[in-house]
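S.K.: Chains as they are written, first to last, in this note's numbering: chain A, 1 to 383; chain B, 1001 to 1420.
FYI, nobody ran anything at the bench for these hints, they're computed from the structure.
Glycine residues also receive a C-beta, built at the ideal position from the N, C-alpha and C atoms.
Treat the hints loosely; a few may be bogus.
Distance windows between CB atoms, simulated [said to hold, decoys possible]:
{"hint": "1", "chain 1": "B", "residue 1": "Q1156", "chain 2": "A", "residue 2": "Q152", "range": "38 to 48 Å"}
{"hint": "2", "chain 1": "A", "residue 1": "P332", "chain 2": "B", "residue 2": "Q1012", "range": "37 to 47 Å"}
{"hint": "3", "chain 1": "B", "residue 1": "D1168", "chain 2": "A", "residue 2": "E58", "range": "35 to 45 Å"}
{"hint": "4", "chain 1": "B", "residue 1": "N1237", "chain 2": "A", "residue 2": "E292", "range": "54 to 64 Å"}
{"hint": "5", "chain 1": "B", "residue 1": "F1115", "chain 2": "A", "residue 2": "A82", "range": "15 to 25 Å"}
{"hint": "6", "chain 1": "B", "residue 1": "W1038", "chain 2": "A", "residue 2": "R148", "range": "41 to 51 Å"}
{"hint": "7", "chain 1": "B", "residue 1": "F1115", "chain 2": "A", "residue 2": "G367", "range": "17 to 27 Å"}
{"hint": "8", "chain 1": "A", "residue 1": "E58", "chain 2": "B", "residue 2": "Q1345", "range": "54 to 64 Å"}
{"hint": "9", "chain 1": "B", "residue 1": "Q1156", "chain 2": "A", "residue 2": "P332", "range": "15 to 25 Å"}
{"hint": "10", "chain 1": "B", "residue 1": "H1131", "chain 2": "A", "residue 2": "A321", "range": "45 to 55 Å"}
From the derived model, a few chain B residues whose C-beta atoms are all more than 12 Å from chain A [said to hold, decoys possible]:
{"hint": "11", "residue": "P1199"}
{"hint": "12", "residue": "S1286"}
{"hint": "13", "residue": "E1383"}
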Amino acid sequence: MPALTKRRFLQLAGLSIAPRILPKRLWAAASREAQSARKVIIVTFGGGVRYSETFAPEGVHNIPRLVDMKPKGLFFKSCTNAGVLSHYNSTGSILTGNWQRVDDFGFQPPATPTIFEYYRKQTGAGPSDAWAIATNKSFSLIGSGADRTLGQPYGANVVLPKQLLLEAVEGVVKNNAGAGVASRENVLQHLETILSEGYEGVGWTIFKAGGQLDRTVRNTLTHALVEYINGPEAPSSGDELTFFIAREVMREFSPRLMLVNFWDMDVAHWGSYSLYLQAITKTDRLTGMLWEEIQSNPSYKDRTTMLVLPELGRDGDINAANGFLNHRSGDPSCRNMWLLAMGAAPGEIERPVFHVDLAATTAELLGFKAGEITGRPMREILS
Amino acid sequence: MAAESKLSPALQALVDKGLFDRLPPTFSTFFFEQIQEWDTLFPAERSYHERLFALIDRSDTALVEKLFEPLRRVEQVMGVNERSWPRRHFTLEQVDFLNRSPHYPEWRKTVADIFAQLDPLLEAEVARKGHARLVVVVAPAELPVGPDRMWLRIRQHGKRIPLEPPEDVADYLPLLLTGAARKDGAHSISAMCAMAKEPYAAWSIEAGGGLSDPGNPSALVALSYDKLREYRARLTNEVTHILKTQEVRGPRQLLAKLKELKIRASEGDVGRDPVLAEFTRATLLSGNGTLLINNTFVEWSTVQAVRRARPSATVVSFGIRNKIKPFTSLLIYADQETANPIPTQMDTLGTYVDLEIFYQYIWQEFEKYAEYRHNTAYLFVGEGMDEMLAIAPADFPLLAAAQPVKLGQVFGTMKDWMNL
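Only chain A is shown next, with the shape it has when bound in the complex (with noise of 0.2 Å):
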């Protein structure tokens, strides 16, 4: 396909609208602090992978970027998901420190506040410091709970580059234009005309005011889809998409608290065990090349922690509804994961710790309190 320069992309767009963030000095001294403090980003290895297929001795196979880095971070053996077994709140649990029972398909908040409301109201930190970045595309209200004296003046911004994506193939394949969804240059034109006309229907809720991107944030998305689409490796998943943005993301803003939300092992459910153990190792590479990102990006080298982990298992092979296919048997397989921190002190831990201490822990690592929340700090990471 003819080369798409993200001059031309940006004038196709017709992206006009002035910077409302912050008035550029206060920018750059925001930028300035956010570079040089501690950073976390949290990545939900994602949509339900069994131990079994990743840290299980005959699942290490799949897994061969987390295996490489396992030995530089520190790993913590037994991860308890103690909560509801759905994507939403098993992930806003993690977020919010509290086991969440809300709405399992994402149409209420978190019922208790998120670590980003409570990192942004205690240090002041700007909308550009925290983002979660989701390809599950249920999770829109993710970035905030329903606390009223936080809520989403304090949230995160939360980008579902999956419901994006969806939207374009969408518009491509009703309009049966040409080569259709064979052609890429199709998919990138619907993608643009989704951002420059419609994003608010598909899940974007950065910064927005009457249904506008600010400027920035476009460019630097929309600089994630020339990328994504021209990528080497001809990508096609919601999981690369979201990838792709996580590091715009980065490079543009150096957020200090992020959500990377993979989910395309949730393929599972179609009953296709290769597309599912297909789909771990692509996250495996994604977490691989995030954590490159990291190494290489100055704003995040030697200052950040990344926190791996499954927001939940898959049904056991026995005596399960259906094995792999589903998440909703409550057995071992479905609750008991791992977690990787990355730029802690390497090791192993045998200590079992929850999926609710990642917000505890979180919140030692940025400096501000999290409230009332049942998780405790992993002081292992900390120390």
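Position chain B against the provided structure of chain A, taking the given hints into account.
M.R.: Chain B alone, transformed into the frame defined by chain A:
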């Protein structure tokens, strides 16, 4: 209970005498809701419900109270009351209530403990009436491996039997399943079983249409992913339409809306039988990829058939899954063939990986039930292969085979095993 109830007299009598109202609500309402679908339950399901509640009814009251006491305690902690749990109603709200309760794991364990005590008693009744059963699982010829790489997860439970394949591979399955060459058009083992046994006793579940025989008796339950194409397309379109035009909170609510989308008689033979029509609808809309992937349909249909109908003879035939196309794979409810002009390609290696775990799931599912334990011959076959895997009781004759066995001989052994 309404006067127009269609329950069996025995079960109706138990309802009328208040048995369900005396049991813990989370237990009794689930079953009460299940039996409201009496008309679309298989005979095996009806029998199970009758035996379960007859057992509870005839058991000593003090023992029954003791059995359910832990569940009552959990229900109390969970906040189950008349308001949160209306009597004789088990709706999506109740499902959500259970799922979101902090005590859900405890509740599940308590219910499992109850069945751990009830099931052996019910299974003993079943085992007393046990008879020989047969399961044949066929893998497609296109798999890129030989028998040495097949059935790896379960082979330790059985024995690899050497076979003598026919010269014409087109005759492989006919010889195995009918004992004759394709041109002879003989009845298959499942068709023979269907004619000889009770309704829903013989099932043929396949990805393609190779097992279908126009001369099959109507008593044979024949499900084919390919032959349900028209129905699948309609369901796909309806799902897309509902998602785009109506407010649907989630998959469960979506399923409730789709409950009425029954198969039409013109869309498949199973449409003529209300029990099978509902079975097919539920299987395709279970949210487990059954609409999208041929082998998922085959596996889930088999698992559901075992759970619900307990067939005596089951022939299962997998196909090759197509590769997932870039981008359009995101559109779950789109026809991949028309949505993307890229030519469709077979994913033979992916299919091999998919099937290896499905063999295990299918075998495990059968073995969960007393009807199958110790009296079922499982034959795992790869079309064209010179070996098959047999997991069977020690007296299954083929286990003794030392020399390659002809497929006609395998058919004869199956026929004898089933007393046909």
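S.K.: Are the hints correct? Go through all of them and say.
M.R.: Taking the hints in turn, this is what the structure says about them:
1. Q1156(B) <-> Q152(A): 38 to 48 Å: Between Q1156(B) and Q152(A), where Cβ atoms are some 56 Å apart, the hint is violated.
2. P332(A) <-> Q1012(B): 37 to 47 Å: Check passed, 41 Å falls within 37 to 47 Å.
3. D1168(B) <-> E58(A): 35 to 45 Å: holds (40 Å)
4. N1237(B) <-> E292(A): 54 to 64 Å: violated (44 Å)
5. F1115(B) <-> A82(A): 15 to 25 Å: Given range 15 to 25 Å: holds, Cβ gap about 24 Å.
6. W1038(B) <-> R148(A): 41 to 51 Å: holds (49 Å)
7. F1115(B) <-> G367(A): 17 to 27 Å: violated (51 Å)
8. E58(A) <-> Q1345(B): 54 to 64 Å: violated (29 Å)
9. Q1156(B) <-> P332(A): 15 to 25 Å: holds (23 Å)
10. H1131(B) <-> A321(A): 45 to 55 Å: violated (28 Å)
11. P1199: holds (26 Å)
12. S1286: Violated, because the least Cβ-Cβ distance between S1286(B) and chain A comes to about 9 Å, which does not exceed 12 Å.
13. E1383: Nearest chain A Cβ is 20 Å from E1383(B), so the label holds.
When held up to the earlier numbered hints, the structure conflicts with 1, 4, 7, 8, 10 and 12 and fits the remainder.
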